[in-house]
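Protein chains: 2
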Amino acid sequence: MFQTSIYQNRRGILSKNIQDGILVFPANRELGMNFADNVYHFRQDSTFLYYFGIDQPDIVGVLDTDTGEEIIFGDELSIDAIIWMGALETLASKCEKAGIKDVRPKKELAPFLEKAKRNQAIHYLPPYRHDIQIDLSLWLDLPINLVNKKASIPFIKAVVAQRSIKEEVELVELRKAVDITNQMHLKAMEMAQPGVEEAEIAAELQRIAQASGGQLSFPSIVTKNGEILHNHYHGNTLKEGDLLLVDAGAETAMHYAGDMSRTMPVGGKFSQRQKEIFEVVYGAHQTAIEGLRPGERFLDRHLAAAAALTDGLKDLGLMKGDTQEAVAAGAHTLFFQCGLGHMMGLDVHDMENLGEEYVGYTDTLQKSKEFGLKSLRLGKELEKGYVITIEPGIYFIPQLIDQWKANKHLEQFINYDVVETYKDFGGIRQEEDFVITDNGYELLGEEIAKTVEAVEKEVSR
Amino acid sequence: MFQTSIYQNRRGILSKNIQDGILVFPANRELGMNFADNVYHFRQDSTFLYYFGIDQPDIVGVLDTDTGEEIIFGDELSIDAIIWMGALETLASKCEKAGIKDVRPKKELAPFLEKAKRNQAIHYLPPYRHDIQIDLSLWLDLPINLVNKKASIPFIKAVVAQRSIKEEVELVELRKAVDITNQMHLKAMEMAQPGVEEAEIAAELQRIAQASGGQLSFPSIVTKNGEILHNHYHGNTLKEGDLLLVDAGAETAMHYAGDMSRTMPVGGKFSQRQKEIFEVVYGAHQTAIEGLRPGERFLDRHLAAAAALTDGLKDLGLMKGDTQEAVAAGAHTLFFQCGLGHMMGLDVHDMENLGEEYVGYTDTLQKSKEFGLKSLRLGKELEKGYVITIEPGIYFIPQLIDQWKANKHLEQFINYDVVETYKDFGGIRQEEDFVITDNGYELLGEEIAKTVEAVEKEVSR
Ligand SMILES: [Mn+2]
Ligand SMILES: [Mn+2]
Chain X
1 MFQTSIYQNR RGILSKNIQD GILVFPANRE LGMNFADNVY HFRQDSTFLY
51 YFGIDQPDIV GVLDTDTGEE IIFGDELSID AIIWMGALET LASKCEKAGI
101 KDVRPKKELA PFLEKAKRNQ AIHYLPPYRH DIQIDLSLWL DLPINLVNKK
151 ASIPFIKAVV AQRSIKEEVE LVELRKAVDI TNQMHLKAME MAQPGVEEAE
201 IAAELQRIAQ ASGGQLSFPS IVTKNGEILH NHYHGNTLKE GDLLLVDAGA
251 ETAMHYAGDM SRTMPVGGKF SQRQKEIFEV VYGAHQTAIE GLRPGERFLD
301 RHLAAAAALT DGLKDLGLMK GDTQEAVAAG AHTLFFQCGL GHMMGLDVHD
351 MENLGEEYVG YTDTLQKSKE FGLKSLRLGK ELEKGYVITI EPGIYFIPQL
401 IDQWKANKHL EQFINYDVVE TYKDFGGIRQ EEDFVITDNG YELLGEEIAK
451 TVEAVEKEVS R
Chain Y
1 MFQTSIYQNR RGILSKNIQD GILVFPANRE LGMNFADNVY HFRQDSTFLY
51 YFGIDQPDIV GVLDTDTGEE IIFGDELSID AIIWMGALET LASKCEKAGI
101 KDVRPKKELA PFLEKAKRNQ AIHYLPPYRH DIQIDLSLWL DLPINLVNKK
151 ASIPFIKAVV AQRSIKEEVE LVELRKAVDI TNQMHLKAME MAQPGVEEAE
201 IAAELQRIAQ ASGGQLSFPS IVTKNGEILH NHYHGNTLKE GDLLLVDAGA
251 ETAMHYAGDM SRTMPVGGKF SQRQKEIFEV VYGAHQTAIE GLRPGERFLD
301 RHLAAAAALT DGLKDLGLMK GDTQEAVAAG AHTLFFQCGL GHMMGLDVHD
351 MENLGEEYVG YTDTLQKSKE FGLKSLRLGK ELEKGYVITI EPGIYFIPQL
401 IDQWKANKHL EQFINYDVVE TYKDFGGIRQ EEDFVITDNG YELLGEEIAK
451 TVEAVEKEVS R
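Quick mapping for you: the protein sequence lines, in order, are chains X and Y. So for the first sequence, the UniProt record's numbering puts the first residue at 1; every next one is plus one. So for the second sequence, the UniProt record's numbering puts the first residue at 1; every next one is plus one.
Treat each hint with caution, since some may be false.
Copies of the same chain look alike in the list, so a pair counts if it works inside one copy or between any two.
Claimed, not checked - Keeping only pairs whose Cα atoms sit at most 20 Å apart, straight-line, the calculated EDC-like set for lysine to aspartate or glutamate is:
| id | residue 1 | residue 2 |
| --- | --- | --- |
| 1 | Lys187 | Glu69 |
| 2 | Lys224 | Glu89 |
| 3 | Lys149 | Asp131 |
| 4 | Lys101 | Glu76 |
| 5 | Lys187 | Glu200 |
| 6 | Lys367 | Glu96 |
| 7 | Lys408 | Glu420 |
| 8 | Lys176 | Glu200 |
| 9 | Lys367 | Asp37 |
| 10 | Lys367 | Asp80 |
| 11 | Lys150 | Asp131 |
| 12 | Lys384 | Glu442 |
| 13 | Lys149 | Asp37 |
| 14 | Lys115 | Asp20 |
| 15 | Lys374 | Asp37 |
| 16 | Lys450 | Glu290 |
No lab work stands behind these hints: they were computed from the structure.
So here's chain X without its partners, still in its complex pose (with noise of 0.2 Å):
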């Protein structure tokens, strides 16, 4: 946990954001896989870490705007709990550190809930788990279908306002997991030989994000065949002249993301024609990069890597025509389908369960619905503390050439006939993260092999 101040002050903030109510935060509960007590591993609600720290199931927090009142209903260990899992520091304790001091009886929840909504609105926010919705459904008398459209706006607003600007102590941990990432992708990098399976990599980057003593962000994408963009099958075997592209990252024991891509060739040498679309995604990135500050839309960004690709692909002469009049009509998403980031921290797509139109988009600037476009999760003015990945890609996906290819969809700035020939390809990506400054950006972490020659060298080690 950070220190209390921490906990203290988000949450005055959060209150005062808020008109009036009852705010109420459902912390996450075990998982079971195949039985209820064969558990996942535990992941607590990333709003709930954000404004109380405490990592333990099934304990609830309620703040009253209305009248300052913060309370934690949870249950401590019975001592035959105790007998079976060891003498844990007590919920008061944890409580404490958090600044709450009345911690009361999970059994006292209902009943509270049930008198406080009489007089005051119950703000809450969207459950993506089930038992929360059922909770929810049970503790507010809503049929369950209708729990998650009756979600607190303005909750949602003031959550994304304060969680999108990442403190200090946040940066800190977020350096550390982009540490730890570099670690995972320099060992990627380093097994990328033929013979070795994707299983393998995949195994020993979850090693490695473990024994740091946190876990992976995300599920790693560990494949020989890129274009699949969300690719989590470990089933081939590497041999020389593959392509393997590596999305992968560590979440630090506090929680915090990293997500960072790497291509790299399997035995260490990328053919020509690898390295030409690597050094199109390469330019790509940095063009994306360069224009990174405050006031800057992220979706200009993206339009600007989107061009940086085509102008790209024009010159290896798979597309053509003019650079701009090709970007405002989607040809370049037959390669790059995808959007060029996201919001990082406690979760590695930041605050996804609060919804895109909040954390990505501007009540004025709505995400577009078009293919490719319609994939970028994150459109509006960059503010200094946004903490945002970077990763323009090129995939060459058959089935989706296939398609525009029959329908000869934007063939004036399109060579199907080169295209064709980039089926068997694969695909490439580059993902770093940033935080943004007072003028500009910072990566997080060290800079790890990034060019064709630096990538070749890691793998040739």
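Got chain X; can you put chain Y with the ligands on it based on the hints?
Quick look at chain Y with the ligands alone, frame taken from chain X:
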């Protein structure tokens, strides 16, 4: 997947064992850690795997025992999804391999059940996932808090009867799981050196399980505080003289579990006191194994192990009095608070979600409510094909010793003055996995280091 006829046979037997009505098998879904799309590794429901073998989320199997109809409700990937996830095997193809030709869109399930329930009983197993509870509540128009109470006992009993007797193809998978589990324990012994962190070993065990293409079968226990029975804290650094207790297992790619425990001296040498307690546990372990055969009640193996522990503790001066009287009074439970073992299969505690009263006991042999015996998951007569664990242990739990001593509990059997000097000892457990054969038992996998000498040798390599 196993060959098609395996699943067809299993479903045929099940249908025959149920009098009438519709059997509903909801597959598991992906579960979000900190937001919906940041998921834990997918774990299919074991009963679904047993009867259908399809390792894919968000589908539902339905068997009509009246008409013989077999249906899978689920949706094929859209072209959009293929772009993000690659061209995966179709659901229809997987269903074909499971011997099911009738595949219908997911949205047809609710109306199907709506209609069926007018004339037929709808059988389902007690759900341990909250999303499935919500589904059943909506499908069957049941209040959420009644869903588990209305689970079908005939369905539970029929599934338990089948899954309890392991087929030869299952034993092959279980031996694979134990082989990987063996590798994990040998690696832990190698790593049990001063200065190593518990977290490093735990991370390495997970790496081994994952690199084999599987997962851990349960969260590993890797602790120098082995007396804490449910201890998943990995924050300590090992030092010379510590005992390290490792209880861990692998799950194969087909989701069969291994589950073993070893206790090892950090640095390679047991102290005299550690050696003495280790040998008492070892002796009880061997005593328990020797009586394994069809017709033997597992409860009686548990009591035989308890008697062997008591004899050993008497020799060391920790207990006194008549052994049988001590065991009958539960005096050994000051040191051995839990059960001798459990069934193992697709779940590490096989079928725990179906209820111990059905899996481990019978209508005539009910589970005891006494301390100690209430933690024995399996009591009934063994049958050929049962796969079980044997895991006696001795645990010095300071809080429990204080509690019993203050109450002078069973002081005719316990030398509290001597016990007092062991409060810093920790705990020792030894666990192996067996299948019951025609006349006795067979150890699954190779036997790895198990005696004082053999364990010391592995640690000292
Ligand atoms: Mn990312
Ligand atoms: Mn066990």
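How the hints compare with the structure:
no., hint, in the structure
1, Lys187 / Glu69, "neither (49 Å within a copy, 52 Å between copies)"
2, Lys224 / Glu89, "between (46 Å within a copy, 18 Å between copies)"
3, Lys149 / Asp131, "both (16 Å within a copy, 17 Å between copies)"
4, Lys101 / Glu76, "within (14 Å within a copy, 53 Å between copies)"
5, Lys187 / Glu200, "both (11 Å within a copy, 16 Å between copies)"
6, Lys367 / Glu96, "neither (42 Å within a copy, 41 Å between copies)"
7, Lys408 / Glu420, "within (13 Å within a copy, 83 Å between copies)"
8, Lys176 / Glu200, "between (24 Å within a copy, 18 Å between copies)"
9, Lys367 / Asp37, "between (41 Å within a copy, 19 Å between copies)"
10, Lys367 / Asp80, "between (53 Å within a copy, 19 Å between copies)"
11, Lys150 / Asp131, "both (17 Å within a copy, 19 Å between copies)"
12, Lys384 / Glu442, "within (11 Å within a copy, 65 Å between copies)"
13, Lys149 / Asp37, "between (31 Å within a copy, 19 Å between copies)"
14, Lys115 / Asp20, "within (16 Å within a copy, 47 Å between copies)"
15, Lys374 / Asp37, "between (39 Å within a copy, 16 Å between copies)"
16, Lys450 / Glu290, "within (16 Å within a copy, 61 Å between copies)"
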